[in-house]
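Participant: So the chains spell out like this:
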Amino acid sequence: MAYNVLIVDDSIPMRGIIKKIIKASGFNVKHFFEAADGNEALKILNEEWLDLVLTDYNMPGMNGLELLDEIKKSDTLKSIPVVVITTEGSKQRLVEFFEKGAMDYIKKPFTPEEIKEKLNLIMGEPQYEERILDNGDEELDF
Amino acid sequence: MKKESLITAMKNSISNVLETMFFLPLVFSDDVHKKDCWSGKTDQIMAARLDFDGPFSGYCVFYIPKKFALSMTADFMGRDAEGLSDAQINGTIMEITNMIAGNTFSFYDEQAVFNLNFPKLLRTDAFQEFFTDSDNEIFIAIDSLENRLAFQLAINP
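Taken in sequence, the protein lines are chains C and X. Sequential numbering from 154 applies to the first sequence in my numbering. Sequential numbering from 149 applies to the second sequence in my numbering.
Excised from the complex, chain X in its bound form (with noise of 0.2 Å):
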C-alpha cells in the first residue's frame, strides 16, 4: 500500500464527491490535527463508518457537524431543512461516506477490486474511540463554508 498515493486518491474523491455533487468550495486543512479538529467548537459532530476488504483492508469514517449534514440534505433534496427526517439526514450522510471511500478505491487502483460494507452510523459520542496515532491510519481536514469536516482512512495491521 503506498500511503502517499492514497492520500491523493482520498483528496481527489473528497473533491469529486463534495463538489460534483454538493457543489461544495473546499480546503484541505493538512496542518489540522485529528485530536484538535474541532476543539473549541460546540458543533455536534456525526459520524459514518465503512468497512472495506480487498488487496488491503480496514474502514473509511466520515465526520461532519450535524447543522451542516442538515443544510447539505436541504440541498441536496431540494427541501426545506425543517422538513427533513432523520432517516434523510443520516441517509445522506452514509451516501457520502459511501461514495467518498468508493471513489478512493477507484483513484488509487482501477484494476484492484475492493468490497465495500454498508455505512454505519456511529455514536456521537463514541467517534474519537476511532481516532488512533496509527501509521496506518490517514486523516484530512477538510473546510468548507466554514464548517469542519473529515475523512479518515484507517488499514488493518
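The shape of chain C in the complex, shown without the other chains (with noise of 0.2 Å):
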C-alpha cells in the first residue's frame, strides 16, 4: 500500500530535506503533495485525497496550529492524522498540538530514525486503519 502525504513549511529546503528522509526511511509514498503554509495546505486537501499532513508550526499566512484547527473542524478531513513539526519545545505548546487533535509532533532538529520511528507508529494507530477502511479504499490491504 501507498499513501499520499501533505507536507507543508515555507522553508524549500526543510520540504525536501523531509520528503528525502520519508523516502529513504523506506515508507511507502504514492504521491508527495506540497504547500508553503495553512492556505495552500486547506485547497490541497480539498482537491486531493490525503492519508497524513506534516505540518510546520511556525509559517507566515495561515501557522500550522491555525492549519490543524481547521483539518479537525472539516467533516471530511478531520479523521487525517497530522503531525506537527516545530523547533518550539515548550510544554506548553506540545500541549496545545494534542489538544487541538494533532497526532504527534517531531521536534526540529530531527534525524531520518526519529522521522521513520514516528511514521511506524502512526500507520500502527488503529484509528488510521479504521479510517481507511470506512473510506473503502480497494487498493489498501488491512
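There's no promise every hint is true.
What the hints assert, rightly or not - Straight-line distance between alpha carbons at most 20 Å, and here's what the computed DMTMM-like set of lysine to aspartate or glutamate pairs gives:
| no. | chain 1 | residue 1 | chain 2 | residue 2 |
| --- | --- | --- | --- | --- |
| 1 | C | Lys173 | X | Glu167 |
| 2 | C | Lys260 | X | Glu258 |
| 3 | C | Lys172 | C | Glu193 |
| 4 | C | Lys244 | X | Asp257 |
| 5 | C | Lys172 | C | Asp190 |
| 6 | X | Lys214 | X | Glu277 |
| 7 | C | Lys173 | X | Asp223 |
| 8 | C | Lys244 | X | Asp201 |
| 9 | C | Lys226 | C | Asp257 |
| 10 | X | Lys215 | X | Asp291 |
| 11 | C | Lys172 | X | Asp223 |
| 12 | C | Lys173 | X | Asp228 |
| 13 | C | Lys244 | X | Glu258 |
| 14 | C | Lys271 | C | Glu249 |
| 15 | X | Lys268 | C | Asp190 |
| 16 | C | Lys260 | X | Asp257 |
| 17 | C | Lys172 | X | Asp228 |
| 18 | C | Lys260 | X | Glu167 |
| 19 | C | Lys176 | X | Asp223 |
FYI, nobody ran anything at the bench for these hints, they're computed from the structure.
These two chains come separately, so use the hints to put the complex back together.
Facilitator: Here it is in C-alpha cells:
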C-alpha cells in the first residue's frame, strides 16, 4: 500500500529534506504534495485524497496550529492524521498541539530514525486503519 | 534572565542543530570578539535575523560565509552546489536560524513559551549594525571545517 503525504513548510529546503528522509525510511509514498503555508495546504486537502499531513508550526499566513484547527473542524478532513513539526519545545505549546488534535509532533532538528519511528507509530494506529477501511479504498490491504 | 544559562542553552542548541542535521564538527571560539570575527577574511558573510518575544524579548542573528552556506545547502538537500537557487540557500540559512533560536529557548526553559517571528535575511553590508557593546548581547563564534560562523542573541532593554 502507498500513501499520499502532504508536507507543509514555508522552507523549500526543509520540505526537500523531509521528503528525502521519508523516502529513505522506506515509507511507501504514492505521491508527495507540498504547500508553503496553511492556506495552500487547505486548498490541496480539499482537492486531493491525503493519508497523512506533516506540517511545520511556524509559517507565515496560516500557521500549523491554525491549519490543524481547520482540518479538525472539517467533517471530511478531520480523520486525516496530522503531525506537527516544530523547533519549539515548550511543554505548553506541545500540549496545545495535542489538544487541537495533532496525532504527534516531531522536534527540529530531527534524525531520519526519528521520522521513521514516528511514521511507523502513526501507521500502526488502529484509528487510522479504520479510517482507511471506512473510505473503502480497495487498494489498501488491511 | 540568567546569562550563563542562556549561553549554555545557545551552545547546546547550536551543537544540536549543526551536528544533528548538518553533521558538522564544531568548536566554540570563546576568545573571539565579534568585531574581529571575520577580520582578515574576504568571504562574503550572509546573515539572518529572527525577532522573538516571551518572558524576555529581542532578536537572534545567525552569520555564515556565503561559500559555506552554499556547500551546507548542497549537502542538506543532497544536490550539486552548482544547481542551487538563491531561494534554496536563503531558505537553509533562515531554517538554521529558526532551529537554533527555537531550541535555545527550549534548552533554556521548557516551561516558558517564546514566540518566534519569521527569520529575515539581512543586507550583507548591514549586518555589523547589529553588533553592539551591550551587556544584553551574547555573541558566540563557531569554527567548523575552517569556516567561521556565529550566533548572536540580543535582549531588548
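Participant: All hints, please: hold or fail.
Facilitator: Now for the hints, and whether the structure bears them out:
no.: 1; hint: C:Lys173 x X:Glu167; verdict: 18 Å, holds
no.: 2; hint: C:Lys260 x X:Glu258; verdict: 13 Å, holds
no.: 3; hint: C:Lys172 x C:Glu193; verdict: 18 Å, holds
no.: 4; hint: C:Lys244 x X:Asp257; verdict: 10 Å, holds
no.: 5; hint: C:Lys172 x C:Asp190; verdict: 16 Å, holds
no.: 6; hint: X:Lys214 x X:Glu277; verdict: 19 Å, holds
no.: 7; hint: C:Lys173 x X:Asp223; verdict: 12 Å, holds
no.: 8; hint: C:Lys244 x X:Asp201; verdict: 17 Å, holds
no.: 9; hint: C:Lys226 x C:Asp257; verdict: 18 Å, holds
no.: 10; hint: X:Lys215 x X:Asp291; verdict: 14 Å, holds
no.: 11; hint: C:Lys172 x X:Asp223; verdict: 15 Å, holds
no.: 12; hint: C:Lys173 x X:Asp228; verdict: 15 Å, holds
no.: 13; hint: C:Lys244 x X:Glu258; verdict: 6 Å, holds
no.: 14; hint: C:Lys271 x C:Glu249; verdict: 19 Å, holds
no.: 15; hint: X:Lys268 x C:Asp190; verdict: 17 Å, holds
no.: 16; hint: C:Lys260 x X:Asp257; verdict: 16 Å, holds
no.: 17; hint: C:Lys172 x X:Asp228; verdict: 17 Å, holds
no.: 18; hint: C:Lys260 x X:Glu167; verdict: 15 Å, holds
no.: 19; hint: C:Lys176 x X:Asp223; verdict: 17 Å, holds
In summary, the structure agrees with every hint in the numbered list given earlier.
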